[in-house]
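Undergrad: Please model the complete structure; the sequences and the hints are all you need to start from.
Each protein sequence line maps, in turn, to chains A and B.
Just so you know, this note's numbering puts 223 at position 223 of the first sequence, and the rest follows in order with no gaps.
Just so you know, this note's numbering puts 131 at position 131 of the second sequence, and the rest follows in order with no gaps.
Careful: at least some of the hints might be erroneous.
[Said to hold, decoys possible] In silico SDA-like cross-links for lysine to any residue, where the CA-CA straight-line distance does not exceed 20 Å:
| id | chain 1 | residue 1 | chain 2 | residue 2 |
| --- | --- | --- | --- | --- |
| 1 | B | Lys38 | A | Gly304 |
| 2 | B | Lys352 | A | Thr303 |
| 3 | B | Lys37 | B | Gly111 |
| 4 | B | Lys190 | A | Thr303 |
| 5 | B | Lys179 | A | Ile137 |
Source of the hints: derived by calculation from the structure; they are not laboratory data.
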Amino acid sequence: MAELGVEKGLAKAEKYYNDYGSRVKELKTEGKKIIGYISALGPVEVLTAAGVVPFRLKGNVEEAITKGDAYMETIVCPFVRNVFDASIKGKFSFLDGMVLPHQCDSLDRTSDVWRDYLNLPYFHFFNVPHVTDDPSIEFMKELFRLLIKTLEDYTGNKITTDSLKKAISFHNENRRLMRDLYELRKSNPPLISGSEMMKVLVAVMGLPVNESSELIKEVIEEVKVRKPAGPTQNKRIMLIGDQIDSVIITDSIEGAGAYLVMDDISIGSKMYYQDVDEDKEPLLALAERYLRKLKIPTTFVDTGGTYEDNLNARFGHMRKYIDEFKVNGAILFVYKYCDPYGFEVPAIKSYIESAGVPVLYLEDEYSTSSLARMKTRIEAFLEMIA
Amino acid sequence: MAEEKKGRAVATKTAASIPKFVRGNLAATLKAKEEGKKVAYAYIADGQDEIMRAMDIVPAWGESFAGVCAAKRDAEKYLQKAESDNFSRSLCTYATCTIGFDMVREELGGGAVPDAPWGGMGRPDMILGSAQLLCDPRFKWPQATQHYLRDVPVFVGSMYYPPFDPKMDHHEQEKFYVKYARDELRECVKFCEKHTGKKMDWDRLAQIVELSDKTWDLFIDTYELRKAFPTPMDTGDAMNTMVPLTFNLGTQEAYDFYKQLYDELQDKIKNGIGVADPEKYRLIWAAGLPSWFALGDFQYFNSKGAVFPVEVTYRGCEKIERLELPKTDDPLEHIAWRWVRYWTHWYDKARKRPGSLPKVERIIEYIEEYKCDGVVFHSAFSCRSWHAGIIHQAETLKKVYKEIPILILEGDIVDISSYNEADTHNRIDAFIEAVDAYKNRMN
Ligand code: SF4
Ligand code: SF4
Chain A
1 MAELGVEKGL AKAEKYYNDY GSRVKELKTE GKKIIGYISA LGPVEVLTAA GVVPFRLKGN
61 VEEAITKGDA YMETIVCPFV RNVFDASIKG KFSFLDGMVL PHQCDSLDRT SDVWRDYLNL
121 PYFHFFNVPH VTDDPSIEFM KELFRLLIKT LEDYTGNKIT TDSLKKAISF HNENRRLMRD
181 LYELRKSNPP LISGSEMMKV LVAVMGLPVN ESSELIKEVI EEVKVRKPAG PTQNKRIMLI
241 GDQIDSVIIT DSIEGAGAYL VMDDISIGSK MYYQDVDEDK EPLLALAERY LRKLKIPTTF
301 VDTGGTYEDN LNARFGHMRK YIDEFKVNGA ILFVYKYCDP YGFEVPAIKS YIESAGVPVL
361 YLEDEYSTSS LARMKTRIEA FLEMIA
Chain B
1 MAEEKKGRAV ATKTAASIPK FVRGNLAATL KAKEEGKKVA YAYIADGQDE IMRAMDIVPA
61 WGESFAGVCA AKRDAEKYLQ KAESDNFSRS LCTYATCTIG FDMVREELGG GAVPDAPWGG
121 MGRPDMILGS AQLLCDPRFK WPQATQHYLR DVPVFVGSMY YPPFDPKMDH HEQEKFYVKY
181 ARDELRECVK FCEKHTGKKM DWDRLAQIVE LSDKTWDLFI DTYELRKAFP TPMDTGDAMN
241 TMVPLTFNLG TQEAYDFYKQ LYDELQDKIK NGIGVADPEK YRLIWAAGLP SWFALGDFQY
301 FNSKGAVFPV EVTYRGCEKI ERLELPKTDD PLEHIAWRWV RYWTHWYDKA RKRPGSLPKV
361 ERIIEYIEEY KCDGVVFHSA FSCRSWHAGI IHQAETLKKV YKEIPILILE GDIVDISSYN
421 EADTHNRIDA FIEAVDAYKN RMN
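TA: This is the structure we're talking about:
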């Protein structure tokens, strides 16, 4: 095994994937402040501009919840419960603070629990609205102002328009690089496997933006010179869902003889396919990205047109992915007790199926306990579409 | 929500008139077409009641209909219908029950559904949702409904309030929250104008808003009569008497209903008539929507001498003067202030007691004012909104207040498969023993 800190590219991603949080621990000893966030609504640009390191919290599907249930009801989505359990057990003891976005009831209704039991020096509930009309954009700008003020008070650093613009451009660059890496999944066979990709996606969310960009560049360099290898008739799968962050899921798909070539998940393309407009005033541009551009089920979209128009506005990007990445089948993986995703299962399923792509819908826990059953269903699905 | 299979005896005559109210609301949605009125699917506590009333839009309340289905133990067919199109059984069952009903009605051509409880709801002309801090189904449910009613336009507005943060003064934030809420109510008016083809009559709206203020005041005055010993009305009834406030705000009938209830409660107090005889224990229903199919459990409590003079659930209003609302001539801004302050007016108190929460502060206030000896929560598995965070509320209450007996019941609002009567009664028995011991210790 290579020495610590010497690995590059995929090996480095693997290291950070396996020892998630190791890099921010080092940064912490160098005096950096680490602020956690938990979903695609994490306002990373503002955190970067504040001079703190944004660190996305994740759970561990292989670890049973042993402490968290004493504080948080089991009717909360299993991902949130798992991450909270890890937090309360001290897995993220290096955190200086946390920004909890108003993403869904599972987060909103437990925000007091996070605040009061983790008792971090900095905590802010970022009350993102679900609606995207013009008053909502104005409101969102106010929320950003408030977030900025709390971070300034906490860090003592002023967040200027310039520092915000700089952070935005770093994060846009980061997103562009990640999209470049996604491009390498378009070939048949793809140049990078779904599990390798998962490791990269997880690794980078535990790094400061510039280190993340560096790592993505290294992975691109490493992967793009590969020669496509493997059978060409394998089915090409897209994975859809919210907080999927384990290779156990991607391995179950690829282990059954398919290529995972695209995703619409919260740590994946949802994070990287929409930039912040650098030509606009930063708060407006941020508000627009998080409310209007981000494709997540917790923002209500209505075009004022037909239902079909609304579906295109909500899920059209997935049809685009299907064409561009030549997807043959989609797996829609939703956690139990997740209202935002749960309520749109029939709509997503029929929308994608009407593009001629079969969909396997799985409702599950955030746990390996049901892995065998899930694998069987994935295998049956792949057989069906073979 | 009234009439259930096992027939819970209602202690007040006024509450006994609630089924008529609920039936009337459902019937209005079916009759609206003949009367040339528009029907809107509506969701409670969205702040849009008065706009609908001022524009003669007939609200069709899914929560009420699902509650009726549950109370009549006739929801399963709709839950299964929704499940057949991949709606998870873990989702809000008010929503899935109603969506299942929509699916059935569409299959039957969109008219009346023959075997629907109390005739069901009429097909809506529009859907008025409101995303807010209340719950995800508030905006996902309208959207999911449109999947089956594709021609029906959907509006989703917003009605947020500043989140509680012990380290932050929320008063400054309130201003931009209210501005946002008011702007969203304006968007709602615009949407209603577009889809009814009528203009808002602002004077009429102002009058309706004033009537709502009066109803809020009267509701609280009435409910505060329950402080009396013995209490003249308990939560079992309140789960019925909430109907006019929750579903008919801004109507004269709602106001008149509480006037009648007020008079009846005063009468009972004068004559010393209580809910339990003798009244031995006073409890607070501290959070949670009830199991509509098992409202008889309140009577079970009563049979043990336990009464609930107060509950947090469905006490969806406050005395207007306690909210200290800024003056405004804009009725929409007034509605916005009223709702925002409804949520935030416990914040200052909560900040003063280190470690407390507004929800806990509210419980403490009621325990003290209504002289309660125990606390009951109900955790309904399909609704995260009211039921996630209950453990924390219970722990905080013990920590910042005192070691009062607490019972957390588990079940659901609509899904009867979650419920076991014998277990529930056993837990209630054990709890009553704990309350008894607590009372003895305290004396
Ligand atoms: S999976 Fe659903 S419930 Fe869980 S955090 Fe994501 S949006 Fe919220
Ligand atoms: S508050 Fe709860 S029960 Fe009511 S609609 Fe929302 S999730 Fe459903």
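Undergrad: Against each hint, give a clear statement of whether it holds in the structure.
TA: Here is how each hint holds up against the structure:
1. With a C-alpha separation of about 19 Å, the suggested pairing of B/Lys38 with A/Gly304 holds against the 20 Å cut-off.
2. Of the pairs offered as hints, the one joining B/Lys352 and A/Thr303 is violated, with about 45 Å between alpha carbons and a cut-off of 20 Å exceeded.
3. For the hint linking B/Lys37 to B/Gly111, the alpha-carbon distance of about 16 Å falls within 20 Å, and the restraint holds.
4. Pair hint B/Lys190 plus A/Thr303 holds up; C-alpha atoms about 15 Å apart against a cutoff of 20 Å.
5. Only pairs whose Cα atoms come within 20 Å are accepted, and B/Lys179 paired with A/Ile137 is accepted, the gap being roughly 13 Å.
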